[in-house]
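Keeping their order, the protein sequence lines are chains A and B. In terms of the working numbering, the first sequence opens at residue 81 and continues consecutively. In terms of the working numbering, the second sequence opens at residue 3 and continues consecutively.
Honestly, the hints are just simulated from the structure, not real lab data. In this text the structure is predicted, and so the values were computed from the model without any measurement. Just so you know, not all the hints are guaranteed correct.
Simulated coverage check for chain B against chain A, where a stretch passes if three residues somewhere in it have a Cβ under 8 Å from a Cβ of chain A [claimed, not checked]:
| id | segment |
| --- | --- |
| 1 | 43-57 |
| 2 | 203-213 |
Incomplete in silico selection of chain A near chain B, CB under 7 Å [stated by the list, open to error]:
| id | residue |
| --- | --- |
| 3 | Pro110 |
| 4 | Glu111 |
| 5 | Val113 |
| 6 | Gly114 |
| 7 | Glu115 |
| 8 | Pro124 |
| 9 | Ala126 |
| 10 | Ala127 |
| 11 | Leu130 |
| 12 | Gly134 |
| 13 | Ser232 |
| 14 | Ala235 |
| 15 | Cys236 |
| 16 | Ala239 |
| 17 | Ala240 |
| 18 | Ala243 |
A few chain B residues that don't get close to chain A, going by computed Cβ distances all over 10 Å [unchecked claim]:
| id | residue |
| --- | --- |
| 19 | Val60 |
| 20 | Arg69 |
| 21 | Cys74 |
| 22 | Arg104 |
| 23 | Ala105 |
| 24 | Ala108 |
| 25 | Gly127 |
| 26 | Val146 |
| 27 | His150 |
| 28 | Gly181 |
| 29 | Leu230 |
| 30 | Arg281 |
| 31 | Asp309 |
| 32 | Cys312 |
C-beta atoms are modelled at their ideal positions from N, C-alpha and C, and glycine is treated no differently.
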Amino acid sequence: MDAECDVEIGGGAPVIEALWPGFVDLRRSPERVGEIQEAAAFAPLAALLLTLNGETSPLWTSKCDRWEQEMEELEAGCQSGLACYVDLLPVQSAVFLRWEQAEAFCLQWVACLGPVSAPQCRVEFVVRQAFAGESEGFGITAYLAASGSDQSDAACALAALMAAFADVIPSAVPPATAVSKLQ
Amino acid sequence: MNIKIPENAESDHWITGLPAGLRPFVPCRGLANGHLQTIVANYFPRPAFLLESAAVTVEVDPSDGSRVLCHCHWQPEGIRPSRLTLLLVHGLEGSSGSRYIRAITARAWAAGCNVIRMNMRNCGGTEALTPTLYHSGLSGDVGVVLRHFTGLFGLQRVALVGYSMGGNLVLKLAGEWGGQHPLCAVAAVCPAIDLAPGADALHEPANRPYEWRFLQGLMARLRRKSELFPDIYRADELKEMGPVRSIRQFDEKILSRYWGFKGADDYYHRAAAARVVERIAVPTLILHAQDDPFIRLLPETRAKLLDNPCIDFVETLHGGHCAYLSRDKKDEIHWAEAGVMRYLQPFARTGNGR
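Chain A with its partners taken away, still in its complex shape (with noise of 0.2 Å):
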């Protein structure tokens, strides 16, 4: 599978805001997902937020979206696109204490989706500055992408996408400590 790891901070690129007003808590209440309007219209989505808020993910979920891609941006040959967005943060600091630390995180996760067959598809994780509450620090944006020879077909892809790159999710977010060691 194409993945892929990127780092966005200053310069007026994006900020995490993990608290925003419309956060759900899907941790503490998974069968909240349902007030999530987009992963209610797209169950696959809701799958995926409680498999990453769900208990041996180390990781919580802020923000999401899901949208058709633009005709520019699809896979050759095809005809539709769907794509969608899910913002994380790790469970121990909620948030990465050091980008290097996110950016860590990320790559081990593109590492487990290499081998991964999912044609059409692609992964893009963003490392952003992030917010949650008074802690500062880093998240990530993980962007999925599927195409295919209709809406339908591109949503059949990026349903299987969204349950593999769940399947991957590493187990533990590198201590911040050790990634300053090894950079």
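With chain A fixed as given, assemble chain B onto it according to the hints.
For chain B alone, coordinates are given in the frame of chain A:
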């Protein structure tokens, strides 16, 4: 059974009559959607499962030595035979450790029942215990397990409880057995009674994530079988079969080949409990949600269920697949589990429950 049409959406979220003891199902707020019910139920927090069990393997086919693994919870010896025993059967790619199986085990144990959590062949990490694959028609395995423990402990009353594919297995056995001792009752939650339309429904676009999950599990299991039994599941043969992209394809290319069915449709016909439900002769509860994403009931099957006086067929508007998260509080939030135990309660107290 008389069909009652709901008069308003708030108070009536069920469309058939309810047997005594069952409460009307009102879905959890925000979860009046079959997909969300199905998905959320898999993540809904559950209390830790702390009951100790005895692991026992039972030979289900002497011709090839196939065995299944059961996790058993026995009441003390003196009272064991007289207590109701629940034999629980999980769904496709589930196991004796599935969340819903553990949850109903805890309830049944608390109610004083013996409980047998049966793994279907290969499930629960038991691929090495049988050279075969598993499928929806193996109701005989359930019967062998029932007979094994009945013979061992002199069990006087056994109730079968099955979920989804396990629901088909227990209903099929109940149809095949009729009123045979010691079977006293059956409960099936979202049983996959009509296999062909269910398999085809799984391939609908909205259901691909479920199908993808099932296929991932089935294909991973097939690879393990090929490692364990390379002479049966030959790598070159499996490669020749090409990619498997749907449950129907799996049943057509893999299951039929190794079980000797003529094809997927032959398998669906022969394995479906729908063929025998009219012969069920013990009290039987069947729960089915109209918004179940992939379980389909054919009109003729529904008619058979409604015509059999032994069957309490409860069809709700909502509930998803084996989910039934209700608006009730505490333990009652899991409506199907609470309902099944209420239904079986009379059999725990007396011999016939009626």
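Checked hints:
Given a C-beta distance limit of less than 8 Å, the hint that chain A covers the segment 43-57 of chain B holds, as 4 residues qualify and 3 suffice. Only residues whose C-beta sits within less than 8 Å of a C-beta in chain A count toward coverage, and the segment 203-213 of chain B has 4 of them, enough to reach three; the restraint holds. The interface hint given for Pro110 of chain A holds, since its Cβ lies 4 Å from the closest Cβ of chain B, which is under the 7 Å cut-off. The restraint placing Glu111 of chain A at the interface with chain B holds, with a minimum CB-CB distance near 5 Å, inside the 7 Å limit.
Given hint, Val113 of chain A at the interface with chain B, holds; its Cβ is 6 Å from that chain's nearest Cβ, closer than 7 Å. Using the Cβ-Cβ criterion of 7 Å, the hint placing Gly114 of chain A at the interface with chain B is satisfied: the shortest such distance is roughly 3 Å. Hint on Glu115 of chain A holds. Least Cβ distance to chain B is approximately 6 Å, under the 7 Å limit. The beta carbon of Pro124 of chain A comes within 5 Å of a beta carbon in chain B, closer than 7 Å, and the hint placing it at the interface holds.
Among the interface hints, the one on Ala126 of chain A holds; its C-beta lies about 5 Å from the nearest C-beta in chain B, closer than the 7 Å criterion. Annotation: Ala127 of chain A was flagged as interfacial toward chain B, and the flag holds, the nearest CB pair being 5 Å apart, inside 7 Å. The criterion of a C-beta within 7 Å of any C-beta in chain B is met by Leu130 of chain A, whose closest approach is roughly 4 Å, and the hint holds. A distance limit of 7 Å between C-beta atoms decides the matter here; for Gly134 of chain A the minimum to chain B is near 6 Å, and the interface restraint holds.
Taking 7 Å as the C-beta contact cut-off toward chain B, the hint placing Ser232 of chain A at the interface holds, the least distance being around 5 Å. Of the supplied interface hints, the one on Ala235 of chain A holds, with its beta-carbon coming within about 6 Å of a beta-carbon of chain B, less than 7 Å. Nearest Cβ of chain B to the Cβ of Cys236 of chain A: about 5 Å, under the 7 Å cut. The hint holds. Against a cut-off of 7 Å between C-beta atoms, the interface hint on Ala239 of chain A holds, since the closest Cβ of chain B lies about 4 Å away.
Residue-level restraint check for Ala240 of chain A holds (minimum Cβ-Cβ distance to chain B is 5 Å; threshold 7 Å). Hint status for Ala243 of chain A relative to chain B: holds, with the closest Cβ pair at about 5 Å, below 7 Å. Remark: the non-interface label on Val60 of chain B is consistent with the geometry, its nearest Cβ contact in chain A lying 32 Å away (cut-off 10 Å). With a least CB separation of 30 Å from chain A, Arg69 of chain B remains clear of the 10 Å interface cut-off, as annotated.
Annotated as non-interface, Cys74 of chain B keeps its C-beta farther than 10 Å from every C-beta of chain A; the closest such distance is 27 Å. Every C-beta of chain A lies more than 10 Å from that of Arg104 of chain B, the closest at about 15 Å, which supports listing it as non-interface. For Ala105 of chain B, the non-interface assignment is confirmed: its Cβ lies about 16 Å from the closest Cβ of chain A, beyond the 10 Å cut-off. The claim that Ala108 of chain B lies off the interface holds: its Cβ sits roughly 18 Å from the closest Cβ of chain A, which is beyond the 10 Å cut-off.
With a minimum CB-CB distance of about 18 Å to chain A, Gly127 of chain B clears the 10 Å threshold, and the non-interface call stands. With a least CB separation of 35 Å from chain A, Val146 of chain B remains clear of the 10 Å interface cut-off, as annotated. Against chain A, the non-interface label of His150 of chain B holds: every CB pair exceeds 10 Å, the least being about 36 Å. Distance to chain A confirms Gly181 of chain B as a non-interface residue, since its nearest Cβ pair spans about 41 Å, more than 10 Å.
Separation of Leu230 of chain B from chain A is adequate, the least Cβ-Cβ distance of about 23 Å exceeding the 10 Å criterion. With a least CB separation of 37 Å from chain A, Arg281 of chain B remains clear of the 10 Å interface cut-off, as annotated. With 10 Å as the threshold on Cβ separation, the claim that Asp309 of chain B sits away from chain A holds: the shortest Cβ distance comes to roughly 35 Å. The Cβ of Cys312 of chain B sits about 35 Å from the closest Cβ of chain A, beyond the 10 Å cut-off, so the non-interface label holds.
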